[in-house]
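Colleague: Top to bottom, those sequences are chains A and B.
Residue numbers for the first sequence follow my numbering, beginning at 2 and rising by one.
Residue numbers for the second sequence follow my numbering, beginning at 121 and rising by one.
By construction, these hints were calculated from the structure, which means they are not laboratory data.
Note that the structure is predicted; figures quoted are calculated from it, not measured.
Heads up, some of the hints might be wrong.
Computed list of lysine to any residue pairs in SDA-like fashion (alpha-carbon distance at most 25 Å, straight line) [what the hints assert, rightly or not]:
| id | chain 1 | residue 1 | chain 2 | residue 2 |
| --- | --- | --- | --- | --- |
| 1 | A | K26 | B | Y757 |
| 2 | A | K26 | B | G752 |
| 3 | A | K26 | B | V767 |
| 4 | A | K26 | B | R755 |
Covered, in the sense of this in silico footprint (three residues per stretch, anywhere, with C-beta under 8 Å from a C-beta of chain B), are these stretches of chain A [as the list claims (entries may be wrong)]:
| id | stretch |
| --- | --- |
| 5 | 14-24 |
| 6 | 70-83 |
Beta carbons are placed, not taken as given, at the ideal position from N, Cα and C, and that holds for glycine.
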Amino acid sequence: MVPLSYYLLLSGILFVCGVLGFLIKRNIITIFMSIELMLNGVNLSFVAFAAHWHALSGQVFVFFVMVVAAAEAAVGLAIIIAVYRTRETLNVDQVNLLKL
Amino acid sequence: MTPNPYLWLVPILPLAGAAINGFFGRRSSKKAISTIALVFSGAAFAMALFLAASFSSASAPYYFDLAHWIRSGSFQVDFSFYLDQLSLVMLLVVTGVGFLIHIYSVGYMWDDDGYYRFMSYLNLFMFFMLTLVLAKNYLVMFIGWEGVGLASYLLIGFWFTKDSAAAAGKKAFIVNRIGDFGFLIALFLMIKHFGSLDFTHVFAAVQSLPTETAGAGLLTAIGLLLMVGAAGKSAQIPLYVWLPDAMEGPTPVSALIHAATMVTAGVYMVARSSVIFERAPMAMMVVAIIGTLTALFAATIGIAQTDIKKVLAYSTVSQLGYMFMACGVGAFSAGIFHLMTHAFFKGLLFLAAGSVIHGIGGEQDMRKMGGLRVYMPWTFATMGIATLAIAGIPPLAGFWSKDEILWKAFNASWVYWLIGVVTAFITSFYMFRLMYMTFGGEYRGVVAQDAHGHDAHGHDDHSHGHGHGEPHESPWVMLGPLVVLAVLSVFGGWVAGYNNRFEHFLAPVFQGTSDVAQEASPEAGKSTLEYLLMVVSVGVAGLGWLLAYLLYSRRPQLPARIAASLGGLYRAVANKYYIDELYAVLFVKPLIDGSTTILWHGVDQGVIDAAVNDSADAARHVSDTTRHMQSGNLRSYAGWIAAGGAVVIAYMVWMGVR
């Protein structure tokens, strides 16, 4: 059996990868994918704990997260398309109309 | 002490008139305004007569407590009124002369745009003046005192579009404020040491104190501070400067407020406080000296004035000096007697001067008058009577009161008497000078061809509906009051002064003062000495008349030559001894400079404004630096969130380890 710490380590690596991608990348779609990566990193730690403690609530929580992520993807992609139609770019540094 | 529920009605009636005219006068007809103003001031006069008819020395003084006002521990001040012989005299003078001047104003002010305003102010003045004379304690008196100051300010600046009138109003108000400061401190001293402001309580407390013969004590301090207040209100040295400027107001105002009633409030206040002054000989002496000096000083300025109202203004200051001289030597009843006769003849002089100004279209310069006896015989006759009265020619009113004062002054010190007689001579001279310049000789004014020619160079902003070809007599609504006052000027002194009737009437008020004690020696007053002094004062009055006749009727070109030969002295007198300029250099300019540099630039701009502006600047600087967090850049927001999250986790881990 794989020890819990391995799962958690992988989960942490995934999450940090997501954060770094979010901070570094300029393309909105890539940023969106980084968010998914962070969510899935967290999901991994949830299921790992659920298996470790033999508790179902962690698994259930992951379903909720996946539902929210799916909804978010639907809304997010729609926004991205709208942004692209008006701005003709997906570079976040140029989507800055709220700036001072 | 008898309660009398009618007392409070006297002041409240004119207040009602003032309120009605003030609130609704703008839309009312002039007839309605006149009716209201005259009915309410006349009703006050009727009330005063009713009170006088039912007045008896057995039941006097009357009092009436209208309402509680201040109650703090054992200290209490109520809205209460008080009527004794002294306030009865003042009451009759104020309502009587006031009513006559209301009638006169109907004619004089009829064509003015601010007619309703004027009538409302006049009624308001009556209310405050009656509050002043009917007060039972010093604080209610102070309400009236400040109120007449307000009414005076409003009426001096009545033609407020004229800069000089607005400035004169301000000057009167500010100079009076200096006097009021002294009055207030005196009140504070009374509260501290006697625990009351009620006349009866204060005087009872004072009577238990010894006379301050050696050195100055509490009573001397109170007396001097009260005198500061009186000097402000009654235009005595050094605070007299506002009164001549107050002539910017309409002439009925000059007659009512600045001659007959308000300016005598200081004399009334000193007489009312006679108990205090009696026990403070030093304060008495200061009162006498100030009065004597003012009488002489103002009279000399009066010689060289060419504005008819300015002559009368300085004459008023001088006559008020006489009244203070009388109070200062302990002859309070003589001072009040002169106050009464002065109200008659000086009110008459001002109203007659107003009639002259009205008749020749707003001209006030006597050099442009002359020969008016032909055009306005009634004005000439009544003003002539008033002049004889003020000069002290027997048996007119001024003779009785002035002679009484001079006799009492002589008993105190011959110096007062001498200065008083010299002043009487000057008074007679400048009054007859005024008469000859105004009514004698030929008319020197320009007879205008066009309708409004005169108004262009008139001092008074008094415009007429009709043109001015020739000087003309005033309407009867103005002459009526002149005639009534002339009758009073002729008989008022004799009726009251004969056999010292007036003094005996007032005796209960001034009981225990040295004046009464002196009088107690049986008719010692009517000695040969008194008759001799009487002859002297009548003699100098005649001499003044003669001199004025010689200079201004027989040889009208002579005064100019005398003036030229006197040179600097004449210029100093004509320019009022440069007192206004002196005050400007000594007080006004340092005050303005100090206020500008220290208070305005230093405190207001340097401290208060600076504190507000600097805190705003600091807030802006902080915001300027922190607003860069809100860059609008998505990734920088994400960075802040990540950094924040990292800090929170680090904190939790660190705390968890501990």
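Colleague: Would you mind marking each hint as holding or not holding in the structure?
Modeller: Okay, the hints, checked on the actual structure:
no., hint, in the structure
1, K26/A / Y757/B, "holds (14 Å)"
2, K26/A / G752/B, "holds (16 Å)"
3, K26/A / V767/B, "holds (23 Å)"
4, K26/A / R755/B, "holds (9 Å)"
5, 14-24, "holds (count 3)"
6, 70-83, "violated (count 0)"
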